[in-house]
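Asker: Each chain is listed here by its residues.
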Amino acid sequence: MKKIEAIIKPFKLEEVKDALTELGVYGMTVSEVRGFGRQKGHKEAYRGTEYTIEFVPKTKIEVVVSDTLADKVVETIIKTAKTGSIGDGKIFVHDLKDVVRIRTGETGDRAL
Amino acid sequence: MPEALITRVERTPWTREGLHARRVAIAAAHAQGATGVEVVTALTALADEILLDLYREESAGTPGSSGLALVALGGYGRRELAPYSDIDLMFLYAASREQQARSVSTAILHALWDLGFQVGHSLRTIGDCLAMGQADLTVRTALMESRWLAGDAALFDEFRGTYRKHVIEKGVSEYVAKKLEERRQEYGRFGSTNFLLEPNLKKSRGGLRDLHLLKWTALARSGTSSFEDLAAGGLLSGGDAAALGEAQNFLWRVRNELHFHARRAQDILTFDEQIRIAGQWGFKDHEHLLSVEQFMQQYYRHSTCVSDVTGQFVARSLKRSLWQRLSAWLPARTIERYYAVTRDEITVPSALREEALSDGVRILRLFQLAQMYGFTLAHELVQELPERARALPDAAFTSEVASRCLLAILGGPGRVAETLAAMHRVRVLERLIPAFGPVRGLMQFNAYHKYTVDHHSLLAVGQGEEIGAGTSLIAQVYGELKRKDLLHLALLLHDLGKGQVEDHSLVGERIAGEVAGRLRLDDHGARLLIFLVRYHLLMANTAFRRDSSDEKVVLRFARQVGTPEALKMLFVLTAADISAVGPGVLTRWKETLLGELFLKTLDELTGEEGSETTDANRLRMEGVRRAVIQRVG
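In the order they appear, the protein sequences are chains A and B. Okay, so the first sequence: first residue is 1 according to this note's numbering, each after it adds one. Okay, so the second sequence: first residue is 1 according to this note's numbering, each after it adds one.
If you're looking for bench data, these hints aren't it; they were derived computationally from the structure. Hints are not guaranteed to be accurate.
[Unchecked claim] Label pairs and their calculated CB-CB ranges:
1. K82/A x G414/B: 35 to 45 Å
2. E106/A x D272/B: 18 to 28 Å
3. R16/B x H94/A: 34 to 44 Å
4. E106/A x A21/B: 35 to 45 Å
5. T270/B x S66/A: 28 to 38 Å
6. E480/B x S66/A: 52 to 62 Å
In this text, all values refer to a predicted model and were calculated from it rather than measured experimentally. The C-beta atom is built at its ideal place from N, Cα and C for all residues, glycine as well.
Kindly produce the complete structure, drawing on both the sequences and the hints.
Answerer: What follows is the structure, encoded as C-alpha cells:
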C-alpha cells in the first residue's frame with residue numbers, strides 16, 4: 001500500500017478529486033496548508049502599505065491506495081493539477097505498513 | 001399489634017423489576033405526551049415513595065421524634081428529577097443519635113444501590129450543616145434546596161430556621177456573585193452562546209443550569225424560587241414568569257426524552273437526537289424548512305428567553321457598588337426631553353413612557369443614544385419594549401426620520417452589532433426589517449455553520465467591526481469605506497433568504513430591494529446593497545475555487561463586481577461572513593487567497609499597473625533589463 005500526499009493549487013481540488021474518484025479512490029483527506037517551495041512568498045502593496053505573504057496558500061490531499069493503483073493515482077494528479085506555471089506543487093509517495101478500519105478491525109487492503 | 005409491623009407485612013419490598021415497571025409506566029406517559037413538569041414530578045414522587053418505604057422499614061420501632069430525619073437536597077429537593085438524575089440525600093441527626101443514623105443510612109443506601117440508583121449522600125448534624133454551608137459554595141446551595149422526606153420533622157424545622165438565619169441570609173450578594181462567576185466558567189466549557197447547534201441542555205448558555213442560577217438567587221434573596229411567587233412579589237414580570245415556566249417545561253421534556261432514549265443521563269442534544277425527536281414529535285419536513293429546523297427554532301426561542309431573563313434577574317439582584325448606589329441618589333440627567341440617563345443606563349421615566357414609546361422614531365432614538373454613549377437599556381424598558389413595538393403600526397417605523405435613524409445606527413462608528421442585537425432582543429429590529437422576524441432561532445442544519453441565522457447575521461456585523469479595527473489588509477480597506485452603513489446593512493441582510501425554497505441569494509436579493517425601498521436609499525446605495533446581498537458568495541467561490549493568477553478569471557470577476565467601491569465592500573463582507581460562521585473559520589489561508597483576488601481585481605478595475613510590487617515581478621523586470629542591455633550592448 002502507498003500513501004500519496006500531494007500539495008496542489010487550491011482551485012485544482014475539485015478537478016483532482018473528481019478524477020481520483022473516477023479512478024476508484026474511495027477516500028481522501030484534505031487540508032488547507034500554507035508554505036513555500038521554489039515559488040517562495042512575495043509582497044503585495046496596497047496604498048503604500050506592504051503586506052508580506054511569506055507562506056503561499058495550498059491544498060494538501062492525502063490518499064491511501066493499493067500498490068497496483070499507486071502509479072495511476074500519481075499520474076492522474078499530475079495530469080489534473082498541472083497548470084504549467086510556477087507553484088503547481090509536489091507529490092510525495094510513502095510506503096505504508098498497515099491500515100486498520102477502527103469500526104471493524106479489518107486491516108490491509110480490506111480496510112481501504 | 002404495633003402499627004409499624006402492620007405496614008411491614010402489607011408492603012412488598014422494592015425490586016429492580018418493580019422499579020423498572022414503574023419507570024416504564026412513566027416513560028409511556030411521557031411518550032403519550034405528558035409534559036416535562038408531569039414527568040419530573042412523577043419521577044420525584046416515585047423516588048419519594050421508595051425512600052419513605054425504605055425509611056419506614058429501616059427505622060421501624062423507633063418513635064417519630066427520633067432525632068433523625070431523611071432530607072432531599074439539590075435537584076431532588078426541588079422535585080426536578082430527570083429519568084437518570086442522581087439522587088442527593090442527607091441524613092440529618094441529633095448528636096446523640098449518631099449510631100442509629102449510621103445504621104439506618106447504611107441500610108437505605110445499600111437498598112438504593114441494589115435498585116440501581118446513583119446516590120449522593122451525607123450524614124450531618126445541624127452544626128455540620130452550618131459549618132459546611134458557610135465554607136463550601138456547592139454545599140451551601142444544595143442545602144438551600146432541602147426538603148423533608150421522613151423522620152423527625154421538628155429536627156428538620158430547627159435546621160431550616162437556623163440555616164436560613166446563619167447561612168442563607170448572610171453575604172447574599174457575595175454568594176450570588178460567586179455563583180454567577182461559577183456559571184460563567186461553565187459557559188466557557190459548555191458553550192458561551194445559546195445558539196450552539198449541538199447544545200448541552202443543562203450546561204450550555206440558556207440551559208437548565210441558568211434556571212437553577214435564577215432559582216438560587218431568588219432563594220437567597222427572597223426565600224422562594226417559584227416563578228409565580230416571584231411574579232406576585234414584583235421580582236419578575238408576569239410575562240417573564242410565564243415564559244420561564246414554558247421554557248422550563250420544554251427543556252425538561254426534551255431532557256426526559258434524551259434520558260429515556262439513551263437509558264442514561266445524556267444531556268447533549270446531538271444532531272442525531274434532534275432529527276429523531278423532531279420526527280417523533282410530529283414536526284414535518286417542508287421543502288424549505290426541515291422538521292429538525294422547526295424543532296430547534298423552538299429550542300432557541302426558549303433558551304434565549306432563559307438566558308436573557310436569568311441574566312437580567314441576577315444582574316438586578318447583585319449588590320451595587322458604592323458609586324452605583326450613590327449615583328442612584330443623584331438626579332438622573334435628562335436628554336432630549338424623554339430620556340433619563342444615569343451613569344451607565346438609559347431609561348424613559350414612567351410618566352413619559354406612553355408618549356415616548358408610542359412613537360417609532362423616539363424608540364429608535366433611544367437605541368441611538370445608547371449606542372453613542374455606551375448606555376445599556378434599563379431593565380423595565382427591555383421588558384416593556386417588545387409589547388410596545390408590536391402594538392405600533394408599520395408606518396411608525398417607515399418614516400423618513402426613522403430610516404435616517406436606522407442608517408445612522410448602522411453607520412456607527414462603534415457598537416453597531418451590539419446595538420442591533422439589543423434591538424433584535426426587544427423585537428424592534430424586525431419592525432424595521434420585517435425579514436428579520438422569521439429567521440429568529442432558525443438553525444442551518446449542516447456541519448459548517450455553528451449558529452442560527454439571526455445570530456450569524458448579527459455576529460457578521462460584529463466581525464466586520466472587529467476585523468476593521470485590526471491591522472490587516474482587510475482592516476485598511478474597511479477603514480476606507482465611506483458607506484459603512486451599507487456594508488453593515490448588507491451583512492445583516494445577506495443570509496435572510498435562508499429557510500425558503502428558492503436559492504437564498506435570490507430571495508436575499510428581493511429582501512434587499514424591499515429594505516432599500518423602505519429605507520429610501522438612493523439609486524446608487526440601493527444598487528450596491530442589492531449587489532452585495534445577491535453576490536455575497538461570489539468572492540469566496542472565486543478566490544477558493546478559481547485560479548486568480550488566470551487573467552480571464554480576474555477579468556470576469558471584475559466585470560461582475562463593476563466598481564472599486566463594490567469590490568472593497570464585497571471583500572470585507574466576505575471575510576466578516578466567513579468569520580461569523582464560527583471561531584477559527586476565517587484562517588490566514590482564506591484571508592490570503594481573498595486578499596490576492598482583491599488586489600488583482602482592484603488593478604483591473606482601476607487600471608493601475610504595478611501596484612502589485614512583487615519580488616518576483618521585480619526580478620523578472622531586472623532580467624528583462626539585463627537581456628536588453630546585453631542585446632543592445
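Asker: Any hints from earlier that this structure breaks? Give me their numbers in increasing order, please.
Answerer: 1, 3
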